[in-house]
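Respectively, the protein sequence lines represent chains L and B.
For reference, each letter of the first sequence is one residue, going 1 to 185 in the numbering used here.
For reference, each letter of the second sequence is one residue, going 1 to 185 in the numbering used here.
The hints are simulated quantities; they were obtained by calculation from the structure and are not laboratory data.
Keep in mind that the hints are not guaranteed to be accurate.
Copies of one chain are not kept apart here, so a pair can be met inside one copy or by any two copies together.
To be verified - With a cut-off of at most 25 Å between alpha-carbon atoms, the simulated DMTMM-like pairs for lysine to aspartate or glutamate come out as follows: (1) Lys175 x Glu2; (2) Lys5 x Glu130; (3) Lys75 x Asp65; (4) Lys10 x Asp111; (5) Lys9 x Asp111; (6) Lys170 x Glu99; (7) Lys170 x Glu123; (8) Lys125 x Asp153; (9) Lys170 x Asp59; (10) Lys42 x Asp59; (11) Lys75 x Asp128; (12) Lys138 x Glu123; (13) Lys10 x Asp153; (14) Lys42 x Glu99; (15) Lys75 x Asp111; (16) Lys138 x Glu81; (17) Lys170 x Glu130; (18) Lys88 x Asp111; (19) Lys125 x Glu89.
Protein chains: 2
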Amino acid sequence: MEIRKLIPKKKQGLVVVITGNGKGKTSSAMGMALRATGHEMKTCIIQFMKGDIYSGEWDGVTRLDGLVELTATGKGFCGIEGNPYPHKEHRANAQAAVELVLEKIDSGRYDMIILDEINNALELKLIDYEQLETILKKRPPHLHMILTGRSADPRVIEQADTVSQVNEIKHAYRKGIEPQPGVDY
Amino acid sequence: MEIRKLIPKKKQGLVVVITGNGKGKTSSAMGMALRATGHEMKTCIIQFMKGDIYSGEWDGVTRLDGLVELTATGKGFCGIEGNPYPHKEHRANAQAAVELVLEKIDSGRYDMIILDEINNALELKLIDYEQLETILKKRPPHLHMILTGRSADPRVIEQADTVSQVNEIKHAYRKGIEPQPGVDY
């Protein structure tokens with residue numbers, strides 16, 4: 001059997017939104033970063049809100065021969081039980097993250113930029129819709145942009161090319177199973 | 001800010017099902033494999049049905065310092081337009097894949113086994129439910145098992161710990177955009 005290699009007649013950057021309340025949104029974005037390395041493509045991952053709890057992808061991406069960079073910019077999930085930081089501090093971090101994203105786009109160094117949890121950051125008013133609009137408008141046509149997080153704004157869904165809604169059918173934590181390394185973080 | 005490192009009091013393997021018609025199921029599984037390498041965990045990926053068209057994850061995983069193995073066992077999506085192989089041949093490949101999965105479980109070498117597109121393979125009768133049951137029964141308690149593909153069997157969902165349904169809200173191909181490297185394959 002011969003293995004076919006697809007080559008699109010027209011290469012173009014896509015805006016992909018992965019939203020919903022189920023497990024697998026960030027995982028899905030990380031999988032695209034991994035897949036992209038098979039095509040020698042470069043990816044930049046900016047994680048909003050995340051940064052206070054270690055997650056395996058932080059070290060995982062460092063194995064990918066310099067093709068994937070990841071920056072976790074946050075202080076955890078704003079407003080959830082146990083998170084000690086006020087909204088103002090979360091917002092300051094997210095605002096700095098927006099600046100970083102704009103710089104990364106300007107650098108022209110990437111084929112894919114992943115904005116992990118940005119939907120959440122918008123929902124929680126850590127960034128403003130206008131800022132996300134600026135990011136999307138700045139995206140050059142060849143650049144893929146992947147936006148993850150619950151509760152994607154309908155205006156973002158409108159502008160996206162591909163949108164998936166990941167719904168929870170069940171989740172291990174509801175049975176009292178703690179988060180497990182590799183699967184959950 | 002101190003970064004917390006979660007360590008579950010009880011480590012346990014999870015059965016995770018990622019199903020639905022939307023984009024991001026295989027990506028999600030690949031992301032878990034990448035994340036697992038951050039914890040020095042070993043993953044084995046067996047792709048059912050896939051194997052006729054190059055996908056970036058095939059080379060992507062070879063960058064992960066030997067922690068992730070991937071075998072694409074198939075001849076493409078059985079029954080879709082343009083696929084020239086009869087059901088019998090697809091089934092023979094999937095049957096060989098089941099044997100491989102059982103060997104991989106027996107080897108005891110992995111922390112995570114990903115059965116990519118196995119839900120589809122079952123739906124299309126390339127494997128029998130009893131075979132999938134045998135696989136799930138053979139799973140040792142520490143081993144994570146990730147099952148992807150549309151139309152997961154309700155009996156599999158019943159046995160799983162975490163199940164996500166990825167629904168298509170929109171997809172670029174419906175606008176006539178060809179599959180793009182990195183994002184789609």
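Okay, which hints does this one fail, numbers in order? 1, 2, 3, 6, 9, 13, 15, 16, 18
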